[in-house]
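Novice: Sequence:
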Amino acid sequence: MVVALGLAVLIKAVLVQAFYIPSESMEPGLVRNDRILVQKVSYWFGGTPRRGDVVVFKDPGGWLPPQDSAGPTNTVAKLMEKVGLYPSGGHLVKRVIGVAGDTITCCDNQGRIEVNGVAIDEKGYAVTDGQACYGPMITRCNWQAGPVPAGHIFVMGDNRAHSADSSWHICQGTDCTHGDEFVSTDLVVGKVFVLLWPRDHFTWVHRPHSFDDVPDRSPSSAGAP
1 MVVALGLAVL IKAVLVQAFY IPSESMEPGL VRNDRILVQK VSYWFGGTPR
51 RGDVVVFKDP GGWLPPQDSA GPTNTVAKLM EKVGLYPSGG HLVKRVIGVA
101 GDTITCCDNQ GRIEVNGVAI DEKGYAVTDG QACYGPMITR CNWQAGPVPA
151 GHIFVMGDNR AHSADSSWHI CQGTDCTHGD EFVSTDLVVG KVFVLLWPRD
201 HFTWVHRPHS FDDVPDRSPS SAGAP
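In this text, residue positions in the sequence shown follow full-length UniProt numbering: the first is 1, and each later residue adds one.
Think of the hints as simulated: they come from the structure by calculation, not from any bench. Where hints are given, some of them may not hold.
[As the list claims (entries may be wrong)] Now the in silico label distances, taken between C-beta atoms and shown as ranges: (1) Leu15 <-> Glu114: 20 to 28 angstroms; (2) Val41 <-> Gln144: 28 to 36 angstroms; (3) Val41 <-> Gln110: 34 to 42 angstroms; (4) Arg199 <-> Asp108: 25 to 33 angstroms; (5) Leu196 <-> Ser218: 32 to 40 angstroms; (6) Asp121 <-> Val194: 32 to 40 angstroms.
We put the CB at the ideal spot given by N, CA and C, even for glycine.
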């Protein structure tokens, strides 16, 4: 038992960590109560999240309601969470839409998100509920975010009508009551690489090719958020 716990601590600290999906925000690919594994090594040694990655990150502050930030309350579950044998609370899972230097715009005449002027075809994974545009959590459809500051990302849930993501936190004029839309890469735990449970949902989670044609932009002119 001691050896197993020791291995679990080592694996959590170094390689992978288990999480659960708490909401419908990443449907259809990730469904509420699905169990996922996150690998951490992709972002070591200067590696950073890429557009299209599905990442788990710590709550930047105010993105989650208190009940979702608390984590497990049972003593045994708390211990298991610490050693990586129980899914952690206080985290979010979203898809990276923009990285440092990027400008994200909603939307083109087909209702597609644009990144650095390139329209993104997300039909393979995103749910828009027939919306004429993305970003339904804010009061207007013609929004723009960025340039994304260095060391930050812009994230969105795949289920666009049911995700309080970066688009929800965009300042509207002088109204910044929802906080900041950019997430520090220091808060990123790692990249989702497998949907582990339930067994009939098992699948490898891959980065789509939708963002392959997006040109990189220098974040040098982007100030801190």
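Novice: Under the constraints set out in the numbered hints, which ones does this structure not fulfil?
Specialist: 1, 4 and 6
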